[in-house]
Amino acid sequence: MLKKSFAVTLDPATSLENHTGSWRTNRPVNVFKLPPCNKQCPAGENIQQWLYYAAEGDYETAWRLLTEENPLPACMGRVCYHTCEGKCNRGFLDESVGINSVERFLGDYALEHKLAFKRPTRDTGKKVLIIGAGPAGLSAAYHLRRFGHTVHIVEQAKEAGGMMRYGIPVYRLPRNVLDAEIKRITDMGVTIETGRKIEDIEGEKKKGGYDAVILGLGATISSNVDIPRGDTNHILNALKVLGQIETTGDIKVARRVAVYGGGNTAVDVARSLRRFGAEPIIVYRRNRDKMRASAEEMDAALAEGVQVKWLSTITGAEKDKLKIEKMALDANGYPQPTGEFEELPADAVVLALGQNVDTAAIDKVQGLKFEKDALVVDETTLETTVKGIFAAGDCATRDRTVTHAIGMGKNAARAVNAYLKGSVYKKMPKHEDAKFEDMHPWYYSDAPKTVRPELEVARRTSTFDEVQHGLTEENAIFEARRCLSCGNCMECDNCYGVCPDNAIVKLGPGKGYEFNYDYCKGCGVCAQECPCGHIKMVPEKI
Amino acid sequence: MLEKIKFYQTGSNTVGNRLLNPSMRAIQASVDRPNGLTSGHRACQGCGEALGARYAIDAAMRATGGQIMVVNATGCLEVFSTPYPESAWRLPWMHSLFGNAAAVGSGLAAAAQIRAQKAGETSVPRVIAQGGDGGTTDIGMGCLSGMFDRNDDVLYICYDNQAYMNTGVQRSSATPPSARTATTMPIGEKPGADWGKGKDVPLIAMAHGIPYVATATVADLRDLEAKVTKAMSFHGARYIQILVPCPLGWGLASNVTVTAARLAIETGFYPIFEAEYGKVTSVRKIRQKQPVTNFLKIQRRYAHLLKKNADPNTVARLQAMCDQNIRDFGLLEGTDPVAVPAAIQAYERAETI
Numbered sequence: 363m364l365k366k367s368f369a370v371t372l373d374p375a376t377s378l379e380n381h382t383g384s385w386r387t388n389r390p391v392n393v394f395k396l397p398p399c400n401k402q403c404p405a406g407e408n409i410q411q412w413l414y415y416a417a418e419g420d421y422e423t424a425w426r427l428l429t430e431e432n433p434l435p436a437c438m439g440r441v442c443y444h445t446c447e448g449k450c451n452r453g454f455l456d457e458s459v460g461i462n463s464v465e466r467f468l469g470d471y472a473l474e475h476k477l478a479f480k481r482p483t484r485d486t487g488k489k490v491l492i493i494g495a496g497p498a499g500l501s502a503a504y505h506l507r508r509f510g511h512t513v514h515i516v517e518q519a520k521e522a523g524g525m526m527r528y529g530i531p532v533y534r535l536p537r538n539v540l541d542a543e544i545k546r547i548t549d550m551g552v553t554i555e556t557g558r559k560i561e562d563i564e565g566e567k568k569k570g571g572y573d574a575v576i577l578g579l580g581a582t583i584s585s586n587v588d589i590p591r592g593d594t595n596h597i598l599n600a601l602k603v604l605g606q607i608e609t610t611g612d613i614k615v616a617r618r619v620a621v622y623g624g625g626n627t628a629v630d631v632a633r634s635l636r637r638f639g640a641e642p643i644i645v646y647r648r649n650r651d652k653m654r655a656s657a658e659e660m661d662a663a664l665a666e667g668v669q670v671k672w673l674s675t676i677t678g679a680e681k682d683k684l685k686i687e688k689m690a691l692d693a694n695g696y697p698q699p700t701g702e703f704e705e706l707p708a709d710a711v712v713l714a715l716g717q718n719v720d721t722a723a724i725d726k727v728q729g730l731k732f733e734k735d736a737l738v739v740d741e742t743t744l745e746t747t748v749k750g751i752f753a754a755g756d757c758a759t760r761d762r763t764v765t766h767a768i769g770m771g772k773n774a775a776r777a778v779n780a781y782l783k784g785s786v787y788k789k790m791p792k793h794e795d796a797k798f799e800d801m802h803p804w805y806y807s808d809a810p811k812t813v814r815p816e817l818e819v820a821r822r823t824s825t826f827d828e829v830q831h832g833l834t835e836e837n838a839i840f841e842a843r844r845c846l847s848c849g850n851c852m853e854c855d856n857c858y859g860v861c862p863d864n865a866i867v868k869l870g871p872g873k874g875y876e877f878n879y880d881y882c883k884g885c886g887v888c889a890q891e892c893p894c895g896h897i898k899m900v901p902e903k904i
Numbered sequence: 493m494l495e496k497i498k499f500y501q502t503g504s505n506t507v508g509n510r511l512l513n514p515s516m517r518a519i520q521a522s523v524d525r526p527n528g529l530t531s532g533h534r535a536c537q538g539c540g541e542a543l544g545a546r547y548a549i550d551a552a553m554r555a556t557g558g559q560i561m562v563v564n565a566t567g568c569l570e571v572f573s574t575p576y577p578e579s580a581w582r583l584p585w586m587h588s589l590f591g592n593a594a595a596v597g598s599g600l601a602a603a604a605q606i607r608a609q610k611a612g613e614t615s616v617p618r619v620i621a622q623g624g625d626g627g628t629t630d631i632g633m634g635c636l637s638g639m640f641d642r643n644d645d646v647l648y649i650c651y652d653n654q655a656y657m658n659t660g661v662q663r664s665s666a667t668p669p670s671a672r673t674a675t676t677m678p679i680g681e682k683p684g685a686d687w688g689k690g691k692d693v694p695l696i697a698m699a700h701g702i703p704y705v706a707t708a709t710v711a712d713l714r715d716l717e718a719k720v721t722k723a724m725s726f727h728g729a730r731y732i733q734i735l736v737p738c739p740l741g742w743g744l745a746s747n748v749t750v751t752a753a754r755l756a757i758e759t760g761f762y763p764i765f766e767a768e769y770g771k772v773t774s775v776r777k778i779r780q781k782q783p784v785t786n787f788l789k790i791q792r793r794y795a796h797l798l799k800k801n802a803d804p805n806t807v808a809r810l811q812a813m814c815d816q817n818i819r820d821f822g823l824l825e826g827t828d829p830v831a832v833p834a835a836i837q838a839y840e841r842a843e844t845i
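Top line first, the protein sequences correspond to chains A and B.
Using my numbering, the letters of the first sequence correspond one by one to residues 363 to 904.
Using my numbering, the letters of the second sequence correspond one by one to residues 493 to 845.
Just chain A, same shape as in the assembly (with noise of 0.2 angstroms):
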């Protein structure tokens, strides 16, 4: 005291001696919330968090995030239905964040700079068999391999990818992006032996000496529906004309086709044949509200000039003309006949009326349970009731979608893990939900969605060259950075700037930040303005 000069009677910063947190009746902490788009993932993507690092034009990091849970994303960025944007959280604000064309954009990024997957660092020992390298297939495939564990495929048809192969047309996945996403799988050790289908699971299964089996053995046949028709007409089934396709890159039906069913497969093989120059007529029973096709592939179809005939049902078919009875929904949104009649000019019927699993090789294990078409399974460890023997994919779900397949692989992969460690697979408690009104919007400004360029109409109707373009690398980071970060940090420094305390400590970049209670006097106002509800206030142990 006496030592100061003149007039001088305090020393700066020496309130820090009052250690103003001892106030404080709650306290702030960092929660971690489960975004939306994250819940949605049928994959189990933590979408949030690779577009955080793609957000900083970190790409690679973006994407091995992203394969973490997901091997194929140049394949999903093109043909998953993105169900995640439907919940994404800017919505509420303009428009959802078009995270597919960001997901397309990464795995186009890994594959133009031939981005690799890890081998794992050890082997197990233990081996697993697959039957079916479909995507569920590929994906368990894939994230056993990771685990460190031999993995052989069985593939009936002649290549790999299933459905993603014989099911969705060229125009939406060009083969060669398919085929490059396989071969990074195979490079990490995954054998995939094709051509042969398994007709003894159990014998296989004993013989080859593998620990365990998932079956991945997809929806193959094509539902049939018995129509009274005149002997000329054709009634040819989905997976027939797009396999044909396929494999021989041409198909002739006939001009007028009917296609019969308002699934994602209709629409797939009204498309593809338009591009052969029909004139494919959809035939619904039900509108177009209440179409289980993807509301963008139905613009698509229309817009390449596929027509439909609502609320129809076929009732029999001759050679240039079907009987088409009108419906009309009853209260509870199901078609009802309504006895009215008319006629409708077609040469040809296509069904696409759903699909069924080949239960030949299931029905010779003992004990296997097939319910519903779908085989019977544990809801976290989809193991069948046969030990052992897992089963993922359209084979085991009513949920027949690739993203849904890959999120059954990995989780099959997963529950394969543990049990060949002699333990049970748990699934992880998930993070509180990321809200809306958790969020503070003021902070966001607008910004629409990138659209993605698209092939012209008038040459879609006759190449199968891909519809969807890809985005650019500016518009795939301005997406990126149009997500909100809902429930996880994004360091804006928002909590950092508003505290009347100074009581957080910025760790730095990458680090986010600390509370420090010893200043802290809880007042909320971190929390209140934190733009992504990262913040939540708890009261204190007194």
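Chain B regions said to be covered by chain A (calculated; three or more residues, Cβ under 8 angstroms):
1) 509-522
2) 541-548
3) 573-587
4) 739-748
Not everything, but these chain A residues come out facing chain B in the computed CB check (under 7 angstroms):
5) V860
6) D863
7) N864
8) Q890
With the C-beta cut set under 7 angstroms, the calculated list includes, among others, these residues of chain A facing chain B:
9) L372
10) P374
11) A375
12) C854
13) D855
14) G859
15) K868
16) K883
17) E891
The set of hints was computed from the structure by calculation and includes no laboratory data.
C-beta atoms are modelled at their ideal positions from N, C-alpha and C, and glycine is treated no differently.
Starting from the known structure of chain A, arrange chain B on it as the hints suggest.
Below, chain B alone, put in the same frame as chain A:
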């Protein structure tokens, strides 16, 4: 390439952003910000004044390379930052009386000038005088006007929390009409602060023709920092008035300080502008216009206006007052301020007579 692309994650509305070049972030975003007012001060939880003071002083320290001295009027800021034997300031700081901060600042600026001359130094430390609305609009008005009159090289910052908060929330000439304070209780026929009283100090400062006058709030940090930085680029008398919501005096939850200030801007309740040599040169436009009730309803000092039996005309008059601000200062996108904006009190007085 990344820097050229605009990004829309949080735009420029947040304090910083990891994607931005550090030079484009707010001063408050940097790890090594000056922290002119540091931790351990005794301001209430969620104090807007503590926040505003750190924002402003840090910006001034950056603008002058730390060559700055502060004179503080009596008030909350002085009391909570320097209870003997502690000080939360990390720069030369002095306190004399309630009403003379502007005068002491003038003296300090003159002394700094002479000392530098004598020492043969070319750089002269700059001076900031600061106080609350009580020490500025009421008690220190004479000294402040004198400082403006002489055009002394001092930046005067008024942290406006719209009443004498330190002594228990008494009305000042910056208290808005109908607000509850300890001396304007919500009783009788016309509850709260009287209509037709008060003064608009930024316009008074402009009437002196001084080089720079600005208003700001703690809700728009970049705007505040830019104004302080700009003020330091001028020599002569300058005045900045910063709206700093007071959780205690306004009856706010401690976490909505910044939100309350934001609503004051977005409703037109507090026009944010800057003026050079007596003329308005720029206006911070309203981004998402809101009715004044959104601002009123989060504050207990206005609770009596929103009760069931309250006179709806009062809220309507407050709304009309905001609308007047919006028109006069051209607060909406695509509108311009009038050449000489009238003090909002003129509207009140015209109404009462």
